[in-house]
Amino acid sequence: MAHTLEQHPGFDSYPEWNQHPEQQPAQSETDIARVAVSKAFELRGEAGVIGTPELSVEARTSAEIRAIDERVRSRRATELIESQRTQQRAA
Amino acid sequence: MATFRSLFSKAVGLVAPVPVPTLPDLIDAESKIGGTLFGEAGRGIQRRFFLDEGDSWFFSETATDPTTGRKLYSFTIRYEILPQGVLKSVDGKGHVFITGIELEHLKQAVALYERKTDTELYAPKRTKRTESAAA
Numbered sequence: 001m002a003h004t005l006e007q008h009p010g011f012d013s014y015p016e017w018n019q020h021p022e023q024q025p026a027q028s029e030t031d032i033a034r035v036a037v038s039k040a041f042e043l044r045g046e047a048g049v050i051g052t053p054e055l056s057v058e059a060r061t062s063a064e065i066r067a068i069d070e071r072v073r074s075r076r077a078t079e080l081i082e083s084q085r086t087q088q089r090a091a
Numbered sequence: 092m093a094t095f096r097s098l099f100s101k102a103v104g105l106v107a108p109v110p111v112p113t114l115p116d117l118i119d120a121e122s123k124i125g126g127t128l129f130g131e132a133g134r135g136i137q138r139r140f141f142l143d144e145g146d147s148w149f150f151s152e153t154a155t156d157p158t159t160g161r162k163l164y165s166f167t168i169r170y171e172i173l174p175q176g177v178l179k180s181v182d183g184k185g186h187v188f189i190t191g192i193e194l195e196h197l198k199q200a201v202a203l204y205e206r207k208t209d210t211e212l213y214a215p216k217r218t219k220r221t222e223s224a225a226a
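Chains R and L, in that order, are what the protein sequence lines are.
When we follow the numbering used here, the leftmost residue of the first sequence carries the number 1, and every step to the right adds one.
When we follow the numbering used here, the leftmost residue of the second sequence carries the number 92, and every step to the right adds one.
Pulled out of the complex, with its shape left as it was, chain R reads as follows:
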């Protein structure tokens, strides 16, 4: 289960996030956004989910099953097409 930033054990190690806005050193909005994004990616990296939305085991397994389902359906479709072709050629 992913931690939100606030719940993450490492959150307290970034004291600047806990500072009252008035106590924080003046930064441009771009700087603030850049730092926030980079910290967020560090945390997501610790959880091993950089760049991908985190899925539960159940959702991941479901996706694996759906991938197999897709291949089963594709094989059925191929079989139907090939059977028709064979019969047309034979006719």
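It is worth saying that the hints were derived from the structure and are not from the lab.
For each residue, glycine too, the CB sits at the ideal point set by N, CA and C.
It is possible that some hints are incorrect.
Stated by the list, open to error - Derived CB-CB ranges, DEER-like:
hint, chain 1, residue 1, chain 2, residue 2, range
1, R, Val57, L, Thr159, 39 to 47 Å
2, L, Phe129, R, Arg60, 21 to 29 Å
3, L, Thr218, R, Val57, 33 to 41 Å
4, R, Arg89, L, Ile136, 27 to 35 Å
5, R, Ala67, L, Leu178, 16 to 24 Å
Knowing the structure of chain R, use the given hints to seat chain L on it.
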């Protein structure tokens, strides 16, 4: 003898056209193979396991008394494959998302189904077509 008969029939144009299977035909054939994935069924027990035309897997078991032919019991489990997980219901009731070992076993059964239906159903058809085309 069978070979001579088939050659003779072919020579005189008596070969009956092979019927083109429909999707339900294929699913029916697959379901019989799927039913063998769970070990040997006892006498009078018929199992089927298959992917329907949508996103659901079905496991059904029907038991009949081998001596009288009387139906003893029957149930159908549906596993609906949804993005958030796999929703199970038995005879249309008791919907629950499965987890743990049951989910893992379903995944293994589905993977085995893919392999076994290919080996036993589709590969022989492909081979037959290839041989016919080459002849």
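What are the numbers of the hints the structure violates, in ascending order? The structure conflicts with hint 4 only, although it agrees with all the remaining ones.
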